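Novice: Use the sequences and the hints to build the structure in full.
Number of protein chains: 2
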Amino acid sequence: MSGLNETHDPALRSWVESANGATTDFPIQNLPFGVISPNGVEDDRIAVAIGDSVLDLRACFRAGLLDGLAGDKSHAVFEARTLNGLMAQQPDVWSALRLCLSRGLREGATQQARLSPHLLAMNDIALKLPSRIGDFTDFYCSIEHATNGGKMSRPDNPLMPNFTSLPVGYNGRASSIVVSEVGIVRPRGQFSKDGKIVFGPTEMLDFELEVGAFIGAGNPQFRAIPLSEAPEHFFGICLLNDWSSRDVQSWEYQPLGPFLSKGFATTISGWVITQEALAPFRVPARPRDKEHGEALEYLRDANNDARGGLGLRLEVRLHSENMRQNAQPPEVITATGFDSMFWTIPQMITHHSSNGCPMRPGDLLGSGTVSQYGEKAQGCLSEITWRGTNPIQLENGETRAYLLDGDEVVMTGYCTAPGARRIGLGVCSGRVLASLPK
Amino acid sequence: MSGLNETHDPALRSWVESANGATTDFPIQNLPFGVISPNGVEDDRIAVAIGDSVLDLRACFRAGLLDGLAGDKSHAVFEARTLNGLMAQQPDVWSALRLCLSRGLREGATQQARLSPHLLAMNDIALKLPSRIGDFTDFYCSIEHATNGGKMSRPDNPLMPNFTSLPVGYNGRASSIVVSEVGIVRPRGQFSKDGKIVFGPTEMLDFELEVGAFIGAGNPQFRAIPLSEAPEHFFGICLLNDWSSRDVQSWEYQPLGPFLSKGFATTISGWVITQEALAPFRVPARPRDKEHGEALEYLRDANNDARGGLGLRLEVRLHSENMRQNAQPPEVITATGFDSMFWTIPQMITHHSSNGCPMRPGDLLGSGTVSQYGEKAQGCLSEITWRGTNPIQLENGETRAYLLDGDEVVMTGYCTAPGARRIGLGVCSGRVLASLPK
Chain X
0 MSGLNETHDP ALRSWVESAN GATTDFPIQN LPFGVISPNG VEDDRIAVAI
50 GDSVLDLRAC FRAGLLDGLA GDKSHAVFEA RTLNGLMAQQ PDVWSALRLC
100 LSRGLREGAT QQARLSPHLL AMNDIALKLP SRIGDFTDFY CSIEHATNGG
150 KMSRPDNPLM PNFTSLPVGY NGRASSIVVS EVGIVRPRGQ FSKDGKIVFG
200 PTEMLDFELE VGAFIGAGNP QFRAIPLSEA PEHFFGICLL NDWSSRDVQS
250 WEYQPLGPFL SKGFATTISG WVITQEALAP FRVPARPRDK EHGEALEYLR
300 DANNDARGGL GLRLEVRLHS ENMRQNAQPP EVITATGFDS MFWTIPQMIT
350 HHSSNGCPMR PGDLLGSGTV SQYGEKAQGC LSEITWRGTN PIQLENGETR
400 AYLLDGDEVV MTGYCTAPGA RRIGLGVCSG RVLASLPK
Chain S
0 MSGLNETHDP ALRSWVESAN GATTDFPIQN LPFGVISPNG VEDDRIAVAI
50 GDSVLDLRAC FRAGLLDGLA GDKSHAVFEA RTLNGLMAQQ PDVWSALRLC
100 LSRGLREGAT QQARLSPHLL AMNDIALKLP SRIGDFTDFY CSIEHATNGG
150 KMSRPDNPLM PNFTSLPVGY NGRASSIVVS EVGIVRPRGQ FSKDGKIVFG
200 PTEMLDFELE VGAFIGAGNP QFRAIPLSEA PEHFFGICLL NDWSSRDVQS
250 WEYQPLGPFL SKGFATTISG WVITQEALAP FRVPARPRDK EHGEALEYLR
300 DANNDARGGL GLRLEVRLHS ENMRQNAQPP EVITATGFDS MFWTIPQMIT
350 HHSSNGCPMR PGDLLGSGTV SQYGEKAQGC LSEITWRGTN PIQLENGETR
400 AYLLDGDEVV MTGYCTAPGA RRIGLGVCSG RVLASLPK
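Protein chains in written order, with numbering that gives the first Met the number 0: chain X, 0 to 437; chain S, 0 to 437.
Hints were generated in silico from the structure; no laboratory data involved.
Owing to the predicted nature of the structure, the values given are computational and were not obtained by experimental measurement.
A couple of the hints might just be wrong.
It does not matter which identical chain is used: a pair holds within one copy or between any two.
Mimicking EDC-like on lysine to aspartate or glutamate, the simulated pairs with C-alpha atoms at most 16 Å apart in a straight line are [what the hints assert, rightly or not]:
| hint | residue 1 | residue 2 |
| --- | --- | --- |
| 1 | LYS195 | GLU296 |
| 2 | LYS195 | GLU293 |
| 3 | LYS437 | GLU296 |
| 4 | LYS127 | GLU180 |
| 5 | LYS375 | ASP91 |
| 6 | LYS72 | ASP91 |
Specialist: Below, the structure is given as structure tokens:
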């Protein structure tokens, strides 16, 4: 399923006119899955995005338009309130559904009249979390991010020796994951201030620009997923903001790692870009420097090296309260690329399961902060401002060391490749709200 | 609900004769909840343990014997396949159900004839995980354990400065939690051996003796649970074995904490001892040494100090393949107490939610390894054998630095107090199986 097929044809146009614009994230070559609810009604169902619209897949299933696409699992897939049922299927099911939707949504499709009653305007729905996320794991796969972070605390030895040997990761908090546009209340926590440990609203609130990867079919406990099979267990990606309170993190993280400095909220973009939609944008995995040697055998695979990377550009914009009041647009504060990640998504899946840890459909892996070298190419304020010592100068005269109340952080991402239609990841945004009274 | 009432009366006897024996873990004063399935049939339902039997609560509900006990939530509570529905209720519902069960199971109860058809022998059922565990958090609340662990890596400065300021914790892996008696396959992982990093079966497999605490009603995201309200969100406890591969842990844990060294399996005992059953065994929280100063305000509460501790004895037995073949009983290798924990369960709940992290009914908190000073009073082999340098001498002549294939680790626990009937926690056991072929 990883090769290109007719669904990738850049000449395809949709009868949903907004899908044909040059700047839409969701042309017919994308077809990302999500969970929606008609605004104001708690009645979640799965859907696919197309231009400025969404196609209600539960309604299509009930109308008999998706017959036979998931065999005896059809009810579990299309009547579900989350994407877990679809994610649990094999790639051939995902692929058949994508092909059916691509054919039905094309300009001139005979199904237009039967599908169009199930099309809703994006503005008329509420986007929900795409899956019931059993476990959320956050990795740390950018060597630039790891090196920058290390330099701040260990100038002589910034990169930990394990970084190039395994994809370092830790367990995140699943319950605090929210979808784009949910407001983020500034968390309280313990941190060091003026030589004392205090408890109060964090004074170093940061974002982390990441890519999230959803697990498809799981693995039984105690059975590892070899790297050659990892792509079959990888459903698709989203944008992810791993909100972080740096002052809390510094005080709490030893010896067991980050905990409450992260677990108050993680925002994801909501639409899941499938592995198949990403096929035209695959690039070779980042080559290892000579000094890093070869990866251990279980993390090595010629196919992964050749196609495990992803040509994905990512941007972060900041929209302050002041900008909003003056009708100024958000300002880009980071532009970076996912192709420079040291470890690939299949390597994360294989390493994660190498001890026999069971992955379940709908589980989420975060890539870790995406950073590159160069000006404003780092995925968090801590790196951009060097722990607040070198604040960002915004065009309207404001400065930022860390986030202020009212700041909205807007993440976007898109893939381009020669001969392919550009696709986007949608938006992952969240506005910082003042701490609640105690 | 925290005070003593008629359900605690040590003179109570049950018409279930096995519940009246001096050594049973499950006298009528206990009444722990669990999830069972008739052996060989996948049809999980909630139940309560009494002596060597279990009472099928779904069957009792269908027979009209539990009417009105959970109001309009009765169907969600008693028809559920897990305890999440019951855990989500307020303490008055838990208490009313306990009282009803206590009265119905007492010697001379008029309900005996109607309840007894729904009684199953413990040997005829399979015990399941008690709840759908949304998130699993593992704390690190024994100062002796933290000090011992620290001494091995930092002899001059064993205890991290944050230990006495907050309950250090990290997110665990929910998907790999299993119930007692599930075999534990020795995990593979990366570790340092003879100066090289290798990938293979762990050579330092350890157990960690912990107490698990289940969350009752949750809190909305961004709303903290004050310490005064934390007991209302605490449903009950179980035994927990946080299996650990120490060689993997040493190599992977910096800077984000333990990950695959833990996430292959965590075993819990299955029966959940309710907060109310534990009421007679509450003891004052461990007093803080003068040098530790006072806890910060949000972790301080006179009521918590007076009653936040728990007089719970814990034991670990080892049953080797050799012992089994020679019909020898398991040998006690650790006996320790939960009353020496530095932080209480309510403090863990309050700290965890202090950043606004939402807790959900059925979430699980681990206490961290329970250790005390003294011979064989530590909750893991790493401490008992001082990282393998001082192996345990077993009575049959075997020695153990770390666990061998075939070793069964059996954890038990019980509470006693003057004037109270002894109650037990059941058994948390798991046998180590050889690594699977690649």
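Novice: Among the hints numbered above, which are violated by the structure, and what are their numbers in rising order?
Specialist: 5
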